[in-house]
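Each chain, written out:
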Amino acid sequence: MAIRTEELLLNVGPQHPSTHGVFRVVVHIDGEVITSSDPVMGYLHRGTEKLAENLTYTQIIPYTDRMDYVSAMTNNYVLCHAVETLMGLEIPERAEYLRVIVMELQRIASHLLWWGTYLLDIGAMSPFLFAFRDREMILDFFNELCGARLTYNYMRIGGVKWDAPEGWIEKIRNYVPYLRQQLIEYDALVNGNEIFLARLKGVGKYSAEDAINYGLSGACLRSTGVKWDLRKDRPYSIYNRFEFDVPVETEGDCYARYLIRFAEISESLKILEQAVEQFPAEGETMGKVPRVLRVPEGEVYVGIESPRGEIGCHIISKGKDKPYRLKFRRPSFVNLQILPKLLEGETMTNLVTILGSIDIVVGEVDA
Amino acid sequence: MSDGIQKDQPTPNVEPVIEAPAEPVQLHVWHQLLVDRVSQDAVISCVPNAKNNDLITIIVNPEHFLSTATVLKNDEQFQFDYCRNVSGSDLETHMEVAYYLCSMTLNHEVCIKATTNRETPEVQSLTSVWETANWNEREIFDLLGINFTGHPDMRRIMMPDNWVGHPLRKDYVPLDPEV
Amino acid sequence: MKGILKGMGVTFKAMTDKKVTYAYPDVPINMPDRFRGIQHFDPEKCIVCNQCARICPTDCIQLTGKANPDPTKKGKVIDTYDINFELCILCDLCTEVCPTEAIVMTNNFELASYSRDELFKNLDWLNENNQLIRQENNSAMPKKGGEK
Chain A
1 MAIRTEELLL NVGPQHPSTH GVFRVVVHID GEVITSSDPV MGYLHRGTEK LAENLTYTQI
61 IPYTDRMDYV SAMTNNYVLC HAVETLMGLE IPERAEYLRV IVMELQRIAS HLLWWGTYLL
121 DIGAMSPFLF AFRDREMILD FFNELCGARL TYNYMRIGGV KWDAPEGWIE KIRNYVPYLR
181 QQLIEYDALV NGNEIFLARL KGVGKYSAED AINYGLSGAC LRSTGVKWDL RKDRPYSIYN
241 RFEFDVPVET EGDCYARYLI RFAEISESLK ILEQAVEQFP AEGETMGKVP RVLRVPEGEV
301 YVGIESPRGE IGCHIISKGK DKPYRLKFRR PSFVNLQILP KLLEGETMTN LVTILGSIDI
361 VVGEVDA
Chain B
1 MSDGIQKDQP TPNVEPVIEA PAEPVQLHVW HQLLVDRVSQ DAVISCVPNA KNNDLITIIV
61 NPEHFLSTAT VLKNDEQFQF DYCRNVSGSD LETHMEVAYY LCSMTLNHEV CIKATTNRET
121 PEVQSLTSVW ETANWNEREI FDLLGINFTG HPDMRRIMMP DNWVGHPLRK DYVPLDPEV
Chain C
1 MKGILKGMGV TFKAMTDKKV TYAYPDVPIN MPDRFRGIQH FDPEKCIVCN QCARICPTDC
61 IQLTGKANPD PTKKGKVIDT YDINFELCIL CDLCTEVCPT EAIVMTNNFE LASYSRDELF
121 KNLDWLNENN QLIRQENNSA MPKKGGEK
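Residue numbers (our numbering), protein chains in the order written: chain A, 1 to 367; chain B, 1 to 179; chain C, 1 to 148.
By construction, these hints were calculated from the structure, which means they are not laboratory data.
Among the hints, erroneous ones may be present.
[Said to hold, decoys possible] Over 12 Å on every C-beta distance to chain A, these chain B residues come out as not near it, computed from the model: (1) L33; (2) S39; (3) D81; (4) E122.
[As the list claims (entries may be wrong)] Example chain A residues on the side facing chain C (calculated, C-beta under 7 Å, incomplete): (5) Q59; (6) S126; (7) R133; (8) N143; (9) A148; (10) N153; (11) I184; (12) D187; (13) A188; (14) G192; (15) N193; (16) E194; (17) G225; (18) E243.
Think of the CB as a built atom: it goes at the ideal place given N, C-alpha and C, for glycine as much as any other residue.
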């Protein structure tokens, strides 16, 4: 006697711990196997782009903090960088170094958070605690630098708001060897674990052609063997002064993406080490900026490498102190597009593995 | 954001090489190529954007948008296989969509644009060329109301399905002014 | 199996580590000086220039001025000053533009209340919020901009 089966429609989310926010996937399942899926988003849509049209450029900066809220520094930077490109502003060297230092610290903090929560999704509890312990230290650095732990509002058009406080650079210098030591432990803790490997290897696999066609960026793209990092390929700020590698894997599965993000922490530490070493002893942290920012008429698109991929900012200015149109290219949003394709034919348990490996932040998906 | 930047620059303190004079040459070559491969009237204008590191910006005839995009992706002199960004904007006199393209193999970039009217905005969908465009076009449809013909799944993506109006339009009146 | 045991080793090693958690509500947390907490407002210093209300990205500051009661002095003095902490995102922009440091950040951050109405703070409340005021208010940000 054959068992009668029926297709079942299941809502994963919007309130589900592994969707990392309010994100919903409607999945059609046949037994344990997903036959099709439809991501539903917009629960966190605040209309940042619309709000920005009625705000001056300085006022937009705190709003960018709230898009990708685990990587606010890179969001701050992309807006400032776009406006500075349009205005042709010179940024003082000390400000550039501070920017790179905070952006790389942010990349580490973001990857640590991802590392902890991803393993928590898969079922490992203790890495989460370790990751948060080390991320907490970075948040404390930021708290000391700009007075906030998550929504920094640190960068300004033409420079940064605060100079590094006394002894701050020293603390970063000491943090680098500390985290290196921790990474060795984390490697021993997780990366050889057989259960972990069985859950990740070969899951959520795609080819380099697919990755490029879907416009993936960041670790999602580099996991397929495409060596594409905007810090190297479209150098911005002062990244061409530092030596670092771009980790690349060729498998294109969840494990490859895991390894890349893990390796990127070490690469960011390398940059930090050099930046702290080259940090100018003195200098301005704010360039010559008119009191009322009037951005010349024109159009600009800039993209930078955020922890999640290419975050871009497209500004159309009509010569006012407010943007005429502001559009953010949000890496989480673009990377998420490949999800329905990856989920087809996978089991329900792998949904969590695959969604986590894309590394989305719903504040950024919905903007 | 110009061409000629070598991958893996090993030496620090070296400014990225910006081949400023090379740009206009490329400009005419590309223009001519598009005229040859697509159609005589495919390109409306083709200028470098001085504000954006001389990024070549091509305004394409909307009737030939899809065929131009196909040529840009497949022609071996272009090979624009990667779509970086898709933006739509309401310029009050007309609507505009911009695609920022990039070639991974040849390491060059371009921006293509198509314009449409505000009353019945319609642009050919490029989802069949770059899969990236899929959700981005849905977002533009949702927030600006531009209809992409040939799009496989033209639904709202951010706003609820029963929402009235398109928020990013300049004449949009917010439902609740308090919010 | 080897990998699991290796991982267990790291976990057990952590048992002897120093505690990193805080006993927060029982022991207060000291924030660094630059911390952006609830604003303190000094009506004596305010010149009613309206800059804080104008820079506020969420429009949460409302203020009114009145003519100086002392007829020998020119200018205005502050009459009412309200911050709506339902909206305030503590972004620091109001303190950044204030030319006289009439509005400054403090290290206090406990704002939770049982009613939304309580989040509407007026001049007196903000004036009394005078503990742990931020020392370093002249940030690296030049207040006059490039024109001097």
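Checked hints:
Every CB of chain A lies more than 12 Å from the CB of L33/B, the least distance being 22 Å, so the non-interface label holds. A cut-off of 12 Å between C-beta atoms confirms that S39/B is not in contact with chain A; the least separation is 25 Å. Distance to chain A contradicts D81/B as a non-interface residue, since its nearest Cβ pair spans about 5 Å, not more than 12 Å. Under the 12 Å C-beta cut-off, the non-interface status given to E122/B relative to chain A holds; the minimum distance is some 20 Å.
Look at Q59/A: its Cβ gets to within about 4 Å of chain C, closer than 7 Å, so that hint holds up. Interface restraint check for S126/A: the shortest CB-CB distance to chain C comes to about 5 Å, inside 7 Å, so the restraint holds. Contact between R133/A and chain C, as hinted, is supported at the beta carbon level, the nearest pair being about 5 Å apart and thus within 7 Å. Of the supplied interface hints, the one on N143/A holds, with its beta-carbon coming within about 6 Å of a beta-carbon of chain C, less than 7 Å.
For A148/A, the interface hint holds, since its Cβ comes within 7 Å of a Cβ in chain C; the closest pair sits about 6 Å apart. The beta carbon of N153/A is positioned within 7 Å of a beta carbon in chain C (closest approach about 5 Å), and the interface hint is therefore held. With a cut of 7 Å, the hint placing I184/A at the interface with chain C is violated, because the nearest CB-to-CB distance is about 10 Å. Interface hint status for D187/A: violated, as the beta-carbon distance to the closest one in chain C is roughly 9 Å, over 7 Å.
For A188/A, the suggested interface contact is upheld, since its CB lies about 5 Å from the closest CB of chain C, less than 7 Å. For G192/A, the suggested interface contact is upheld, since its CB lies about 3 Å from the closest CB of chain C, less than 7 Å. Interface restraint check for N193/A: the shortest CB-CB distance to chain C comes to about 5 Å, inside 7 Å, so the restraint holds. Evaluation of the E194/A hint against chain C yields a held restraint, the C-beta minimum of about 5 Å falling below 7 Å.
Annotation: interface hint on G225/A violated; nearest CB of chain C at approximately 26 Å, more than 7 Å. At its closest, the beta carbon of E243/A sits 29 Å from a beta carbon of chain C; the interface hint therefore is violated under the 7 Å criterion.
Hint check: violations occur at hints 3, 11, 12, 17 and 18; the rest are consistent with the structure.
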